[in-house]
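One line per chain: the protein sequences are G and X, in this order. Each residue of the first sequence is one higher than the one before, starting from 1 at the first, in full-length UniProt numbering. Each residue of the second sequence is one higher than the one before, starting from 1 at the first, in full-length UniProt numbering.
Simulated from the structure, these hints should not be mistaken for lab results. One thing to keep in mind: the hints can contain errors.
Unchecked claim - Only some residues are given here: those of chain X computed to face chain G with a beta carbon under 7 Å:
1. R43
2. Q50
3. L171
4. M172
Being a predicted model, the structure only gives us computed values, none of them experimental. For each residue, glycine too, the CB sits at the ideal point set by N, CA and C.
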Amino acid sequence: MGIKKPFSCTNSLYIMVHSHEGGTRGIRNPPGPDEARPRSEVWPGHYQLWPRAQSSVLCADPPARGGCRQSWPNGQCALRLSFRTSNNRPPKPYSDPVTPRVSSGWLSASLLFLLLSGPLKDLCKPEDMKVVKDCINITRSFCDLTHVWVNTTDMYVSRVVGFREKAELVNCMGSFFLESDRPLDPPEFEIVSFTNHISVNVKFQSIDPRILSEEELQFYLAFIEEHAGNSVKRYQPQITGNITENFNYVIDKLIPNTNYCVSVYFEPKDPRKINRSPLKCTLFQPRRESESSESATMGGIITLFLITAVFISTVMILKRIGYICLRNDFPKVLNFRRLSVWVFPELPPLEKVATVEVIHINRKKKVWNYNYDDESDAENEAAPCVNSGGYTKHGLTGRLCPASTTSASLEDCSDPNAEEPYLPEPKGDAETPMAPGPGPWQSEGTSGGYQTRGTLRQDPTSEEDSDSTERSEGRIVFNVNLNSVCVRALEDDKDSEVTLMSPSRPEETVVLEDLNETESSLSVASEERTQLPFTDPSMECLRPQDAPSDQSDTSESDVDMGDGYIVRQVNLKKFN
Amino acid sequence: MTYRCLLQMVLLLCFSTTALSRNYSLLRFQQRRSDTVCQKLLRQLPSTPQHCLEVRMDFQVPEEMRQAQQFQKEDAVLVIYEMLQQIFSILTRDFSSTGWSETVIEDLLVELQGQMDHLEPIQKEIMQKKNFTMGDMTVLHLKKYYFNLGQYLKSMEYNSCAWTVVRVQMLMNFSFLKSLTGYLRD
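Next up, chain G with everything else stripped away, as it sits in the complex (with noise of 0.2 Å):
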């Protein structure tokens, strides 16, 4: 028997071919798409169509024309497609059950399809169906179609009929998107078990381009399920990024002690059509005695580590706030390593010490009228007399001015109208120690001649102080800046200073109340006494600062305390 020619509108499109006798082959039923059935090893790219057991209606020819038939009556038809994705085993002959079993008689198979985007001619022509070469009359159940079908991007409608001996078995069509329908093999995959995970490492690079191409690996997610006894956990690793070669997922949240068995597949376009791989499993032991040492090991290092670092901080701060490793960079002067330091001391100088007492005195304050102008009569004027020491000297009323001066300002101080003293503006503090004077004080008792001597007016604003002489009692206290005191060395002057210390004088007492300032405006005064001794006891001067207010006429004393100094002594006769 032959094949004979495709029939028209009217009756089933199909071809005959010829059968054989003997034997109890016939086409196998595939097993169902979620049953486990060993895996067809096909070649790389090569696509096979598996008939399958399913109801379907096999004739394009309208019923009312009668030529409908039916297919096989107690089964099912269909056809599946399948794909391979690897390059390294080469197929199988596709083996099932046979259901039914056919008792007699050879069953040979051919397969059909047509385009669906093809050109549009008569469906009944020959042409419109073309006839799969290598798959006519054929006994095996499966057809290689690598290299007919090969627009992806196209619908394919493909009919199977199976005779045996005159008698129709098998009609049944299927219709087929390449691109959306093949069904993707799983990935290769490894699976290793650590101690407290299981990590599956997915290789990639083992499909096929032609069949998934990079970028639709990022959408085609590789699922990943764990078997653990009876219950499956499945997980979708998220692929971000381009994946390429290998894809690392880790298993984490393990029960110690038991078998996981992981299955790698990807998301099927259709979701009947899921591939999984075979299971690989491994025995979940955590390793604690090797965990142990490990943590062991860490946390000692950890340990020390910790330790140095903070042995290393604790010197760099005891270093820093100079507690330990101190630089030692004495002065010169403190450097007692030299031997002729040791044996020829260098004593430091002496210093004169004297004691002072200064008393405040609140005066009011007179305002110089300085005129510095060369031609200006500082005589007519308060003005301070300049000496050649450079100090400046105010007469402070007429009585304790010198008789002869050659300084215009002590005729000035000696102006019996000048009514208030010609003390300056007093500088800061009112305590400023004055020193002992043997200036003005002295100044009276001098051999220049003093005309009068007197009590120092102690306070200008107030015309009862002019009258101090007459009042015994109390104490005139001033401040007198040392540092504008005339102060001189009297050695050359002893009688004078000796006349100064005559009883019949009245004391006045100069109270310094500031002991320190005084010490050292007095050694200031003293050094400027050696440096620059005056030959005219007319140009002491002395310019108390302040003088209180409350005080007013003061008598006169003057006590030699050695070494030039003179301490006059004001004693007020109103205190208030």
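Given the coordinates of chain G, assemble chain X onto it according to the supplied hints.
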């Protein structure tokens, strides 16, 4: 003044070029994802094309869809946008006779609209250039093709087989879209 404007123009041109380059890469990724999702959704719509062979029709599929051709990325943007727009328009028609899930159709429409929103800024910018390119010819062919689809559905009264045939065409359209997406490169 002139030099100042020139500098600003140069900076703006560089920035726009950089921005567009980055957008094409992002567009490619988004379009690829959208195509895959749409194909999966279409696969969820049950149909048996082998039972509707006799109602096939020649829709004058553009030659650019039949045979692979080279596209500029600007042309690819125009063609993709036009196809998405047309598919969206077809899916909004009456499909009640098919028994398809409305949820699936809605998901498809949402996915298409989202992708069109991503393409619209670049599509408008390309249209402003007003240069007649091959993409414009392809768009014209596509307009005719989708018009035929719409007329086919209307003439078949939106029956199940008509929608089955149109669905097959849409599967082919998304395959063509995936190939066009590959041209969206910097």
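Hint-by-hint comparison with the structure:
Here the hint on R43(X) is kept, as its CB sits about 6 Å from the closest CB of chain G, short of 7 Å. At about 4 Å, the closest approach between the beta carbon of Q50(X) and any beta carbon in chain G falls short of 7 Å, and the interface hint on this residue holds. A distance limit of 7 Å between C-beta atoms decides the matter here; for L171(X) the minimum to chain G is near 5 Å, and the interface restraint holds. Hint status for M172(X): holds, given a least beta-carbon distance of 6 Å to chain G, under 7 Å.
Of the numbered hints stated above, none is contradicted by the structure.
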